[in-house]
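In order, the protein sequence lines correspond to chains H and Z.
In terms of my numbering, the first sequence opens at residue 65 and continues consecutively.
In terms of my numbering, the second sequence opens at residue 553 and continues consecutively.
These are calculated hints, taken from the structure and not from any lab test.
Glycine included, C-beta positions come from ideal geometry on N, C-alpha and C.
A few of these clues could be false.
Here are some of the chain H residues that sit facing chain Z, going by a computed Cβ distance under 10 Å [stated by the list, open to error]: (1) Q174; (2) E236; (3) R237; (4) F243; (5) F255; (6) V276; (7) A279; (8) V363; (9) F367.
Chain Z stretches covered by chain H per the calculated footprint, using a threshold of three residues with CB under 8 Å from any CB of chain H [to be verified]: (10) 678-684; (11) 774-787.
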Amino acid sequence: MKNDQIEKGETNRRKFLKLGLLTSVTAIASTSIITNLAAQEEEKEATGEVIRLLTPDGKIVEVNASNMNKYPEALITPEESRIGIPDRKFVMVIDLAKCKNARKCVESCQKEHKLDDHEEFMKVQLIQNNKESKPYWFPKPCFHCDEPPCVTVCPTGATFKRDDGIVLIDNERCIGCKFCITSCPYSARQFNWGHKDKFDDKSVPYSPETQVPAAEGTVMKCDFCPDLLRQGLLPHCAQACPEGVIYFGDKNEDLVTNGQETFSFSKLINDRGGYRHLEHLGTQPNVYYLPAVDRLYPVESGFEDLDEEIIDRYKNVPYVQDLKKQGKI
Amino acid sequence: MELNNRKRELVKEFSPMLEKTSLLTKIWIGTLISIISVGIYAFVIQFKEGHIVTGMRDNVVWGLYIVNFIFFVCLSYSGAFISGILHFFRTPWKNSVTRIVEIITVLSITIGPIFILLCIGRLDRLYYLFLYPRIQSPITWDIIAIITDLVGCFIYLYLTFIPDFAILRDSPDLKLPGWRKKLYKYLAINFQDTPDQRKRLHKTTSIMSKMVIAMALVAYTVLAWIFSLTLQPGWNSTIFAPDFIVAGLYSGVSVIIIAMYLIRKYFKLEKYIVKSHFIMAAMVLLVLSLLLGYFTFSDYFAKWFSHKVADTDLLHTLFGHYFWQFILANYIGFAIPLVILSIKKLRTIKLITFAALIAVIALWLNRYLIVVPTLETPYLPIQDTREEFIHYTATWIEWSLSFAGIAAFFLFFTLLIKFIPIISMSGIIEDERRQIKANKKANKSISSK
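Starting from the given sequences, assemble the full structure and let the hints guide the process.
Here is the structure:
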């Protein structure tokens, strides 16, 4: 049994190696996931069942199955979520040359965070730097700044910066003053204006790392999916992107990956002219962009296969107005 | 002895205000209460359904409530400042206006913070502000400053009321219900108007008058910082704190003029509130309108001249979507008071009041234009969002709560001046006492010669 588990762990581990996110925490998480799943398979009557677990300090302990955590991911409580994943410094690199507004990042994020149609942690904007240059699609998550204005202004410490660079919100602490929303220069934050039925679904306990279930009168935003990071997986947006636009990784290890290719973060930024949006504001974002050079797709292709409602969201962009006049959309 | 008679005379003169409630007043109070009840109804809806019932959405997350909040707190600030100044310089004509000013101060600092509460998504968690306070947050500074200011203003107002409570307590002829007489006795805290007590009270009041100025200055500066410490294009400006203070004085003096006009008219106090009061206030208003106009101009001028992209976008919103509001707030709102107040012939009581009214409306709009258009014009253009999330339009809930706030202001004012004479009796007596002393001195010096 023990060997069996270790072997399963090994195969899992091989997957993680690619991302380079392997830590003792992820290893423990993965072992406990397996045991958790095993516990779930056995029915409730098997209360007397004893399960062996690997503790953080490497010991094997036996635990009664009825005491086991039934959730696929170990639940990270609001208190625990304030401490980051040790020795990590997460960073995202978005390659603007490859984005064609496929919106898979948006949809996947919405699905996994249980967001409605018009609630986006990840927005895709159409940005034009100047009159001469063509506009480009600009996926915009939360930038998880190192000098986050939102965290400074929060009167209750509901939003916080962790050691691993992630900025999260504890919606059980948030009083809904919205000061963080007004102080974010990137409009990354959203407010739950009214009550929704999904807030009542308490089948999964709340964790700031998943932001599910959300709560009325509180703020939410992109969270870099720390629940997946703990399992050694990429955030939902990076996983879902068909073009591999979104690279994610660890600055300490100097590696980023989009699931298909892995780069040295510093080399990628240096070779490809990586930059941060609105650098002059001094917020020190942790999301880098690679400029939209040698593009794979024309801008217009971003409007293919989109709902009328989505296309309408860009109607104030001058370039889109021109396209409409020419009858291209 | 002479002064005691004088006290009785004054009580007799002002007693109709306290004793009788005319039909008109009753209708007035009834109207105000019904406006407030609509507001309470709106609040219940908002509390139950959440902020979805307001016009605020993800881009414009602050709306009318914040505008009203800054507006009322700025009234209070200017009230504190003006009454402090009046007291400090022992202005001889102050008696007719100080009480109006003090009541405005206290009422607006009470009503203002209610609006910030309306803006909070989770009122049930309000105590978290004290349970998990973070001193880095300007909101925490603001809470400390406003609570201090509130307490300070209440103490100051009460101190100025004590001698009048004592006078009312010592007037057995007043036809008032027993509980009110008892309340006067209780509130007068055994003030017997002895020279010693008088001296002590005077000392305390004058210390408080200075403290109130300082506290209000801090409170209003911190309030301006809530905006100017963010990175937002229209807010991140060094001029905000002084601008808010001057704006506060501007609207405060205007509201005082309007209040003087209404009270003078309704209670027929032409003897006490005279034209020179209006002229004096008009001169202050004139100076302030020039100062505020100058601040506003230099703020927008710098934005326009340096034309940073974000600033240009903001000006675009202001001169596009908000064109008429901008013209009304920042051109007409300054021009009309300026013309009326600077031409001597136009300085009649009615026209001065009209100018003050325009100034108040323009200033409220000016505050609106500080809050809303900035939120509609963030650094990153608003895209990939629903159409109705882009522009802000206040709903009836927000309007009715705003009017309820104004109605509450009037209602408390009306009730307070039914409780204590709007003209400070003790102040008048104090002045007369000083005059008698001066006369005596003069007589002495003549006789000694």
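Hints, one by one, checked against the model:
Given the 10 Å rule on beta carbons, the hint for Q174 (chain H) is violated: about 12 Å separates it from the nearest Cβ of chain Z. Proximity of E236 (chain H) to chain Z holds as hinted, the smallest CB-CB distance being about 9 Å (cut-off 10 Å). Checking R237 (chain H) against chain Z by beta carbon gives a least distance of about 7 Å; that is within 10 Å, so the hint holds. At about 6 Å, the closest approach between the beta carbon of F243 (chain H) and any beta carbon in chain Z falls short of 10 Å, and the interface hint on this residue holds.
Among the interface hints, the one on F255 (chain H) holds; its C-beta lies about 6 Å from the nearest C-beta in chain Z, closer than the 10 Å criterion. Below 10 Å, beta-carbon pairs count as interface contacts, and V276 (chain H) has none with chain Z, the closest being about 18 Å; its hint is therefore violated. For A279 (chain H), the suggested interface contact is upheld, since its CB lies about 8 Å from the closest CB of chain Z, less than 10 Å. Hint status for V363 (chain H) relative to chain Z: violated, with the closest Cβ pair at about 14 Å, above 10 Å.
Interface restraint check for F367 (chain H): the shortest CB-CB distance to chain Z comes to about 13 Å, outside 10 Å, so the restraint is violated. Here's how the stretch 678-684 of chain Z fares: 5 of its residues keep a CB closer than 8 Å to some CB of chain H, so the rule of at least three is met and the hint holds. As drawn, the stretch 774-787 of chain Z meets chain H at 5 residues by the rule of a beta-carbon pair under 8 Å; at three or more, the given contact holds.
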